[in-house]
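**Q** One-letter residues, chain by chain:
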Amino acid sequence: MSFERPRRLRSAYSGLTAHGESWVWLTGGALAMAIAMITGLLLFIVMRGASTFWPMPLERVELVDGRQVLGEITGREEVGQRVEDVQGDPAAAAGPQRASAVGIRMARRLVRTANFEITGNHYEWFDEPKIARTSLPEWATAVERLEGGRFHGFPLRLVHATENSTEVVAQGPEKTWQAYEQLHPAFRRRFREAMHIDKHQRGVLQRQLRAARMAVVQADLDRGRKSPAYAAAVEAEATIAGRMQKQSAILDGQTARLREQNAGWGVEFETASGEKRTLPLDSIVRGWQPNRLSTIGKLGVYFSRWVEFLWDDPREANSAGGVFPAIWGTVAMTLIMAMFVAPFGVLAALYLREYASAGFLTTAVRIAINNLAGVPSIVYGAFGLGFFCYVLGAGIDEIFFQPSLVADNQPTFGTGGLLWASLTLALLTLPVVIVATEEALSAVPNSMREGSYACGAGKWQTIRRIVLPRALPGIMTGLILAMARGAGEVAPLMLVGVKKLAVDLPIDGTFPFVHPEREFMHLAYLIYDVGFQSPNSQAAQPMVFTITFLLVMIIALLNVTAIWARSRLKRRYVSQQF
Amino acid sequence: MNNPADRLVAVAAGKEVPSEVHQQVLDERPVLEIDRFSLWYGTKQALHSITMPISHNKVTALVGPSGCGKSTLLRSVNRLNDLVPSVRITGDMRLNGDSIYDPSMDVIDLRKRMGMVFQKPNPFPMSIYENVVYSLRIDGENSRGVLDEVCELSLRGAALWDEVKDRLADSAVGLSGGQQQRLCIARAIAAEPEVLLLDEPCSALDPIATGKVEDLIQELRGRYSVLIVTHNMQQASRTSDYTAFMYLGRLIEYGPTTEIFTKPILRETEAYVTGRFG
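Chains A and B are the protein sequences, given in the same order.
Note that the working numbering has the first sequence beginning at 26, numbered continuously upward.
Note that the working numbering has the second sequence beginning at 6, numbered continuously upward.
Be careful, since some hints might not be right.
As the list claims (entries may be wrong) - Label pairs and their calculated CB-CB ranges:
| no. | chain 1 | residue 1 | chain 2 | residue 2 | range |
| --- | --- | --- | --- | --- | --- |
| 1 | A | Trp589 | B | Gly182 | 50 to 60 Å |
| 2 | A | Trp589 | B | Asp167 | 31 to 41 Å |
| 3 | B | Thr48 | A | Ala468 | 46 to 56 Å |
| 4 | A | Ala468 | B | Asp167 | 29 to 39 Å |
| 5 | A | Ile63 | B | Asp175 | 35 to 45 Å |
| 6 | A | Gly40 | B | Asp175 | 50 to 60 Å |
| 7 | B | Arg243 | A | Ala468 | 36 to 46 Å |
| 8 | A | Ala59 | B | Gly47 | 42 to 52 Å |
Unchecked claim - Within a straight-line C-alpha distance of at most 30 Å, the following computed DSBU-like cross-link-like pairs (lysine-lysine) qualify:
| no. | chain 1 | residue 1 | chain 2 | residue 2 |
| --- | --- | --- | --- | --- |
| 9 | B | Lys20 | A | Lys484 |
| 10 | B | Lys125 | A | Lys595 |
| 11 | B | Lys117 | B | Lys217 |
| 12 | B | Lys170 | A | Lys595 |
| 13 | B | Lys117 | A | Lys484 |
| 14 | B | Lys217 | A | Lys484 |
As the list claims (entries may be wrong) - Derived, one-sided and incomplete: chain B residues facing chain A with beta-carbon distance under 8 Å:
| no. | residue |
| --- | --- |
| 15 | Asn83 |
| 16 | Leu85 |
| 17 | Arg116 |
| 18 | Asn127 |
| 19 | Pro130 |
| 20 | Arg192 |
| 21 | Ala196 |
Hint data in this document are derived by calculation from the structure and do not stem from the laboratory.
Think of the CB as a built atom: it goes at the ideal place given N, C-alpha and C, for glycine as much as any other residue.
Okay, chain B solo, but in the shape it has when bound:
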């Protein structure tokens, strides 16, 4: 393979190619195992037999050019793709050993074990306080003491407490974009998720707000298992422990971030992360 994009050309031609997964990843304790997972939108295949473990209490970044299936993979983890008609899947995912796509798995119970943050901040039309404790409210938790405690802990966890502690009763839609996104993170971690899914959380934010959210992701590392989709190579290298490079629905290479960015196995990966391709 002389051309750095050989494998990618093969992928574009529709051939199946093997994924390069570094040994360090396999040695970690996984929180989420993606097992030969494929997904079709109607007749169009969006994911091709992806197998990857996501490490416990580590930050894993998914990178790749637009349309490579990063977000689809992320949304498959908490089965938000169920809402899209005409979606068909094969393979499975396991969250701490429990099959996610098992017919006996209740999708609502499943989602309660995860948190998700979207591209565009989507605070609910209610107060800051109610936003944070939303997942507890829908579980019927109404004890003021419990809610107050969770609210403060989550907002501190999302590095937002000092900015909003005096106006918890105010509408959340009045916050700035960066604050809204951190609020969404607080809302996601309030439910003590087993895995936290971040779908390009900074793509709608200005550089300062982006910096704050990235700092926050750094802080979450070690306490939460985070799976983050990003377009931004610097962000992936700064915030993540592991990085997975995807292309046209395939997992190309997956390993420790430092290795992916400095000495990847494949030259295709190197070409992408250094910006020569994609």
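Only chain A is shown next, with the shape it has when bound in the complex:
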């Protein structure tokens, strides 16, 4: 029997695929691409969003046909036409920029001309060959008004008109502007005060009266018209109505006095085209001369516009003013959603992982939950509307808010609102929390559980004292993901309570402080609304990016807070052994 050496099966050569250098490049390249895309996205949003409020110079654009406009040059683009093609136009031929422009494609500039009531436009394109000259006049003033958009012009004088005479308080741009800066804050304060009275104090009265009226309807429904309770309610309503009338008269007096003080005062401006307009002093939100301002002055304008943006109510179909109600609504909804989703998700995952015995049913439930995470969000919106609003909400209205339904045909909970929106999103993000919690629970070493049982702890004691604290950082991760997803969701919210404009905040200082039935504003919906539903879309466009920037910042802030809490927990519970 001879021993034969087996044939050599393995080659001594290891190819490139074995060493894997090419795959290092491929995988590294994919990562680099992903990072570049994400940073690019963030940079784009930050740059566009953060620059919106910077005061741009106001240029006087003189056209070859003699027309003059004053505005911010916000864009420039090359168009298909060649300069030669427009040379037949005598006006263009005379343009001083013609010579330099020969042979290249013609460009045009987008100028924010403002003065909508005069020109009928907020923005206008000008072909460069038709621009004779541009300059930066010192006293060019940009004015943000309460209504009608921007106004661009030169201040002439500050006047105080009474019934039969007009008193000129200051004349000439410098004096006028001095006087304006001196007087304007007081006028704005009085204006805001009057607004506040109209909006809030009257609102409180109206709510009281409505409550009394509802009590009458309730008494009617419960006891009938002949009952003493009904009579008492009617009497109470009459008392309140009387009191309200008195108080209303007082408020009328107050607002009339405030408005009286403001009436007649105005700043007269001359536009670049020579027209004169007097703007009421209290309708001016802010005015500035960008060409005169130093960098510090521009920073002042920049930050004052940010402050208004963050703290004020929106104006002009959301394209100007602030977005405070939307910030408030977004944060309130996200937090309420987290309050619902966290306990439900964690408890459900606890049962699945700690109590349920492994088997077909458990596996099926787990797969179903995973699939739930992939359901399109609008489906949740439809469910929220159909079940929460029309079934649950309508049921609540039937039982607790019948008078409103009967007397005003007005649903309270039977329509979209903060509570229903939060619940819908809680449902939407539930799978995320359950899956993350389950993973966190399964990552807790079994030796911990056994150690606890060996000490004589029961199942729940072990879960509460050992398993949950140890799994908490992982649970927090799930919650962070859920919150980030919920805060950025739009589609389902449109069905269950987010509105274009809802100035009454869902959480405010009036009893009972939290108003879960109120409709609210939401930043993500606002982006859509401002970007695509605004009558003045070019002016609104920068706002789109600013709101996007803000939304990103708010989500980042929520996440950073949660991550900070998680890292604290981690340090406490899960440092490495050995």
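With chain A's structure known, arrange chain B on it following the hints.
**A** Coordinates of chain B only, in the frame set by chain A:
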């Protein structure tokens, strides 16, 4: 029986063999009596009718090759095997006369009477202090005075007090491996257990930490009834009063450590403890 492994060959062939139990063991006062205890994982029998008394306030070592059922036996004492589905048992154990597998015995009450230390140190994710007083906390004891006293006594008992007395509020997971294991012992003795179960307590430790834990077991002797599973013959001979040799789920020989290691009844035992087999 000429071949030193005759009895072991018989065991491997599935035959039942008698256990050799020395008289000295039977003369001791038992804290725990294991009585014809058998255990199955599904259809696989892991323990074969084991009968052995564990002596009061003595250290009893369980030795034997891997898979012989030492840990299973230990985990059966505090019924941790209940957590494993498909476990079935016959026979019984008695802790100071109380039947452990009696259906009326509450498993949580039972575990409160024992302490257990595992192979890998498993400090809980909480402070050193809370780790030690864990068993009191779950009983609802919240008086600071009682807890402080138990904490100090237990940590002194586990020879850890001097090392950690200044950082009781620190996380226990920050301790070294040996310190963690002694902490687990402190946690186990804090509940004044009737029997202390040690499941290879030094197998995940370096030699220095092992030395400290062995010293500690020496100190516990005489104060606690200790049942220790070990792979290390030196450890068994150094730390224990009695040694039981197990093989494939059977108790082969059980007697005073000195006798098991110097003049065992069976040559199989001698072969194992001297390292010629296993």
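**Q** When the nearest CB of chain A is found for arginine 192 of chain B, is that gap smaller than 8 Å?
**A** For arginine 192 of chain B, the interface hint holds, since the closest Cβ of chain A sits about 7 Å away, which is under 8 Å.
**Q** Identify whether the interface hint at alanine 196 of chain B stands, where standing means a beta carbon of chain A within less than 8 Å of its own.
**A** 7 Å, holds
**Q** For a C-alpha distance cap of 30 Å, please report whether lysine 170 of chain B and lysine 595 of chain A respect it.
**A** 24 Å, holds
**Q** For threonine 48 of chain B and alanine 468 of chain A, compare the CB-CB distance with the range 46 to 56 Å and indicate the outcome.
**A** Violated, at about 32 Å.
**Q** Going by Cβ atoms only, is arginine 116 of chain B closer than 8 Å to chain A?
**A** For arginine 116 of chain B, the interface hint holds, since the closest Cβ of chain A sits about 4 Å away, which is under 8 Å.
**Q** Hint proline 130 of chain B vs chain A: min CB-CB distance below 8 Å?
**A** 4 Å, holds
**Q** Can you confirm whether the C-alpha distance between lysine 125 of chain B and lysine 595 of chain A stays at or below 30 Å?
**A** 21 Å, holds
**Q** Using Cβ atoms only, decide whether leucine 85 of chain B comes closer than 8 Å to chain A, and label the hint accordingly.
**A** 6 Å, holds
**Q** So does tryptophan 589 of chain A sit 31 to 41 Å from aspartate 167 of chain B, Cβ to Cβ?
**A** 36 Å, holds
**Q** Go through the hint on asparagine 83 of chain B and say holds or violated, using the shortest Cβ distance to chain A against 8 Å.
**A** Check passed: Cβ of asparagine 83 of chain B comes within 6 Å of chain A, closer than 8 Å.
**Q** Could you tell me whether the CB distance from alanine 468 of chain A to aspartate 167 of chain B stays inside 29 to 39 Å?
**A** 35 Å, holds
**Q** Given the hinted pair lysine 217 of chain B and lysine 484 of chain A, is their alpha-carbon gap at most 30 Å?
**A** 33 Å, violated
In this structure, the hints that do not hold are numbers 1, 3, 9 and 14, in rising order.
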